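Chain U: place on chain L using the hints.
First to last, the sequence lines map onto chains L and U. To convert, note that position 233 of the first sequence is 232 in numbering that gives the first Met the number 0; the numbers rise steadily by one, no gaps. To convert, note that position 120 of the second sequence is 119 in numbering that gives the first Met the number 0; the numbers rise steadily by one, no gaps.
I should point out that these hints are in silico values taken from the structure, not numbers from a laboratory. None of the hints are false.
Where chains are identical, the list cannot tell them apart; a pair therefore holds if satisfied intra-copy or between any two copies.
With a straight-line Cα cutoff of 20 Å, these simulated SDA-like cross-link-like pairs (lysine to any residue) come out:
| no. | residue 1 | residue 2 |
| --- | --- | --- |
| 1 | K236 | S352 |
| 2 | K33 | S94 |
| 3 | K236 | I353 |
| 4 | K236 | H348 |
| 5 | K322 | Y357 |
| 6 | K87 | C40 |
These numbers come from a predicted model, not from an experiment.
There are 2 protein chains.
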Amino acid sequence: MNEKTTFEKIEEPSITVVPGIRAAAVNCGLKKKKSDLALVCSESEAAAAGVFTRNRVQAAPVKLCRETIGSPVRALVVNSGKIAAGIKGAAAALSGDIEAGHRAACAIMTTDRATKEVAYRSYCGGRPFHLAGMAKGSGMICPDMATMLAFLYTDLAIPRPLLQELLQEAVDRSFNLITIDGDTSTNDTVLLMANGAAGLPEVEAGDGLCRTFAEMLEQACFELAYQIVSDGEGVTKVITLELQGAPDRAAARTLARAVLNSPLVKTAFYGEDANWGRILAALGYAGVEFDPDRVDIYLGPLQVASQGGAVAFRESEARSILKKREITVRVELNSGNCSLTAWGTDLSHDYISINSSYRS
Amino acid sequence: MNEKTTFEKIEEPSITVVPGIRAAAVNCGLKKKKSDLALVCSESEAAAAGVFTRNRVQAAPVKLCRETIGSPVRALVVNSGKIAAGIKGAAAALSGDIEAGHRAACAIMTTDRATKEVAYRSYCGGRPFHLAGMAKGSGMICPDMATMLAFLYTDLAIPRPLLQELLQEAVDRSFNLITIDGDTSTNDTVLLMANGAAGLPEVEAGDGLCRTFAEMLEQACFELAYQIVSDGEGVTKVITLELQGAPDRAAARTLARAVLNSPLVKTAFYGEDANWGRILAALGYAGVEFDPDRVDIYLGPLQVASQGGAVAFRESEARSILKKREITVRVELNSGNCSLTAWGTDLSHDYISINSSYRS
Numbered sequence: 000m001n002e003k004t005t006f007e008k009i010e011e012p013s014i015t016v017v018p019g020i021r022a023a024a025v026n027c028g029l030k031k032k033k034s035d036l037a038l039v040c041s042e043s044e045a046a047a048a049g050v051f052t053r054n055r056v057q058a059a060p061v062k063l064c065r066e067t068i069g070s071p072v073r074a075l076v077v078n079s080g081k082i083a084a085g086i087k088g089a090a091a092a093l094s095g096d097i098e099a100g101h102r103a104a105c106a107i108m109t110t111d112r113a114t115k116e117v118a119y120r121s122y123c124g125g126r127p128f129h130l131a132g133m134a135k136g137s138g139m140i141c142p143d144m145a146t147m148l149a150f151l152y153t154d155l156a157i158p159r160p161l162l163q164e165l166l167q168e169a170v171d172r173s174f175n176l177i178t179i180d181g182d183t184s185t186n187d188t189v190l191l192m193a194n195g196a197a198g199l200p201e202v203e204a205g206d207g208l209c210r211t212f213a214e215m216l217e218q219a220c221f222e223l224a225y226q227i228v229s230d231g232e233g234v235t236k237v238i239t240l241e242l243q244g245a246p247d248r249a250a251a252r253t254l255a256r257a258v259l260n261s262p263l264v265k266t267a268f269y270g271e272d273a274n275w276g277r278i279l280a281a282l283g284y285a286g287v288e289f290d291p292d293r294v295d296i297y298l299g300p301l302q303v304a305s306q307g308g309a310v311a312f313r314e315s316e317a318r319s320i321l322k323k324r325e326i327t328v329r330v331e332l333n334s335g336n337c338s339l340t341a342w343g344t345d346l347s348h349d350y351i352s353i354n355s356s357y358r359s
Numbered sequence: 000m001n002e003k004t005t006f007e008k009i010e011e012p013s014i015t016v017v018p019g020i021r022a023a024a025v026n027c028g029l030k031k032k033k034s035d036l037a038l039v040c041s042e043s044e045a046a047a048a049g050v051f052t053r054n055r056v057q058a059a060p061v062k063l064c065r066e067t068i069g070s071p072v073r074a075l076v077v078n079s080g081k082i083a084a085g086i087k088g089a090a091a092a093l094s095g096d097i098e099a100g101h102r103a104a105c106a107i108m109t110t111d112r113a114t115k116e117v118a119y120r121s122y123c124g125g126r127p128f129h130l131a132g133m134a135k136g137s138g139m140i141c142p143d144m145a146t147m148l149a150f151l152y153t154d155l156a157i158p159r160p161l162l163q164e165l166l167q168e169a170v171d172r173s174f175n176l177i178t179i180d181g182d183t184s185t186n187d188t189v190l191l192m193a194n195g196a197a198g199l200p201e202v203e204a205g206d207g208l209c210r211t212f213a214e215m216l217e218q219a220c221f222e223l224a225y226q227i228v229s230d231g232e233g234v235t236k237v238i239t240l241e242l243q244g245a246p247d248r249a250a251a252r253t254l255a256r257a258v259l260n261s262p263l264v265k266t267a268f269y270g271e272d273a274n275w276g277r278i279l280a281a282l283g284y285a286g287v288e289f290d291p292d293r294v295d296i297y298l299g300p301l302q303v304a305s306q307g308g309a310v311a312f313r314e315s316e317a318r319s320i321l322k323k324r325e326i327t328v329r330v331e332l333n334s335g336n337c338s339l340t341a342w343g344t345d346l347s348h349d350y351i352s353i354n355s356s357y358r359s
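One chain only, chain L, in its complex shape (with noise of 0.2 Å):
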């Protein structure tokens, strides 16, 4: 086992699978059939991090979650009201079943259409720790989160500032490096607990099983994020930018951020064109400092574009990466030593049928 594979992907993922935790899903009536609450109830208290969004106009729950945040948490309520009757029945539902953790993940879908869920599995001195999360959201999706929640359970022990923090740094290297639309939603969170029931010493800063933790769960992280911009609001591609010798980190997002919200890069991608002039005009406004006679655009392995010019390349070979759902374009800005990965997606007739139809 290398360093990079010190643990592994459970092959039926499901918050349950993380000992001591157990969900439940009932209809409280505020949607027709489906199931419109989730319970989740850990047995003993759990340390509790968050990452909220950065809108300035904050929906009720965020503001709840922020003072509540502090102390250990027990139960994670989720739905799109509060009912009283709704959280007893569920309550009397509580199961640690993988299934239950499935009925959950459904339970907090709104427009998603599939269930984003994720586990691993790692050991320490033969003990086995866990890690798993649940995640919903589709439309108004951006760097800085969206209309997105996110719930993940550990079973390890870990200190509620350095939990924050280890949360902070993975949420900045997944879910605020996608975007689908460029809105940022009132609602965004993130939440990480951490109940202990592994059995395992308490984790502390940079100790080898930190560093685990640690790559679990940006892993993790990724992973959510990724099955998020997948499952978007009328998305057929999905696209993975790889912004490479940047000045710096933030020009770095400044840049990705304007090439993967441009609305004429992503039509041209849902029209399947190589328009690597739309990449670099976007990278042009963005109003970061670089010099566009050195950039360097390609298109999976196919490079389009040389010194911010034209070069010659098969329009088949094109047409075949461009064909496909899943498409990396790597930018070489030439003007710098920081890379970064970011996702987003194209613009299609249908998200505006979506978001046109839709009435508030």
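Just chain U, lined up with the frame of chain L:
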């Protein structure tokens, strides 16, 4: 005649209403049928001012313009190449007729569906002077300009530094406050030429003539900007956003852009839904300090949100406002004394069709 109406609009606008300005349009073979090269000449040398794209990637014509604009200019050639034979043909066809101006305005069109022209006349000591302009642009329109070109002529004598200052100010209050898709092109250019043919004394900063001209210029730029927005790709609604009570002008601009570039706000207008929540959310993620609980929102005269929350209004009244092609949205932030008006559009299926079917 009061202070506000010191100039009159010329019914049939054309750049050739400015004495000493002749225009011609020819087909030089770049397009199949329509004229594709416009030539505009000033009989005498004209001082020239220019405002260019802030995109870091700049097209060759922009670079050329920047270099030559410091010296007085005589001729302006606009087309999608620079074909010597075409220029010769156009030079032979130069005319001061109204029709010649129209033909030039037609020759600079790309995906535009209509020509964009404006002209004003005013008097100083009984002597007439003029300002006329033409523009093109329909996609990739954003504050700080876009694939848009605008050319303005006046027969006043204005020294170049003052001309540049007046143009920059007028552009900031017009072209830089319109957005269609948030993309900023690499070609944006607004040029203003002053040939002195009116025979009036040279304009001095702050004198009465200067004030009148500044007002004309701002109005002319605004009208051309509005024509561009209105003719935008796939546009079915033109949104006038009146943002009031902002802490300062920079904040107001940032907030206006966030609202007018939000795909969710834009699709709501396309769907004719009074979704003030999306407007509030866009304000919230703009990154500007304000108190969401003080925000009032109006559609035309109809209040739809009060102090950041819902307010009862007649659905039928909202529907009749949202049905129209031109919609005014007033956002009262109640967080300061700065007001600003900006213009945007909806986001429609046609926008996606036009921009995804384009082949680079």
